[in-house]
Amino acid sequence: MNICLFDESELNKPLDLRDERAQHITKILHKKVNDTFAAGIIGGDAGVATIVSIEEKEIQSADGRKTFTGGTLSFTFEPLSDGKPLNPLVMVIGFPRPIQLKRLLRDMAGLGVAAVHLTATELGEKSYLKSALATSDAGRQMLLEGTVQAAGTHIPELFIHTSLEECLQAVESEGNVKCALDNVNPSMPLTSFLAGKNLSGGKTVVAAIGSERGWTDRERGILQEAGYERLGMGNRVLRTETAATVASSLILGAMGALE
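Just add 54 to wherever you are in the sequence shown, counting from 1, and you've got the working numbering.
With a straight-line Cα cutoff of 25 Å, these simulated DSS-like cross-link-like pairs (lysine-lysine) come out:
id, residue 1, residue 2
1, 120, 81
2, 67, 86
3, 156, 184
4, 257, 138
5, 85, 67
6, 81, 111
7, 156, 138
8, 251, 232
9, 156, 180
10, 232, 257
11, 86, 111
12, 85, 111
13, 67, 81
14, 111, 67
I should point out that these hints are in silico values taken from the structure, not numbers from a laboratory.
All chains, full assembly: derive it from the sequences and hints.
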């Protein structure tokens, strides 16, 4: 946890010592009164928090059989920066295995993409959409963890779609630079495509990556009709989360976001 994030409404309230953030501050960082720690407002500024007080008290369980230490931690917050705003990169990703999805969402948030659109695909496993992680709340928690790891405050948006057509319609916007990663007959390498684009002016890039078995010919037609250039990243077959991380890193590099 490289930054403790709070909703703006939490800034003027004592933090329960049983809260995960308070546990991290006191047990992992070993912070005491008058010490500072990195903090930020979700979707807002990042800065420094100063501990004003730590009040501990014994609390009994509801049945009266156990006691444990509770209490509150109070702090002040000083904003110092904009909290690393997200980059104008939207990732369209065929729904991966749940265990891969955890890593994928954390990595996408860590890299600072603006949004992740997870979509069912024709070759994707339909049962993945029924997993516990296939909910906005569970997915947002993974994005939050990635944001905290990156010491940012801005969390990417997450959307879930039941078809590629629905997904592409949702991300459609005039002026977007559109690319679809595909290792079957790509028109050119992603690196060559990016070299021919001036992305330093804040243009939004939408990058589409299929599920682990790739795109069908019908989906390739849908992508082409929607204006997506089919691009490659070498002759190796990559896992979905690996392809997403590599593609987003190359695109962010072309944007100048990694300088």
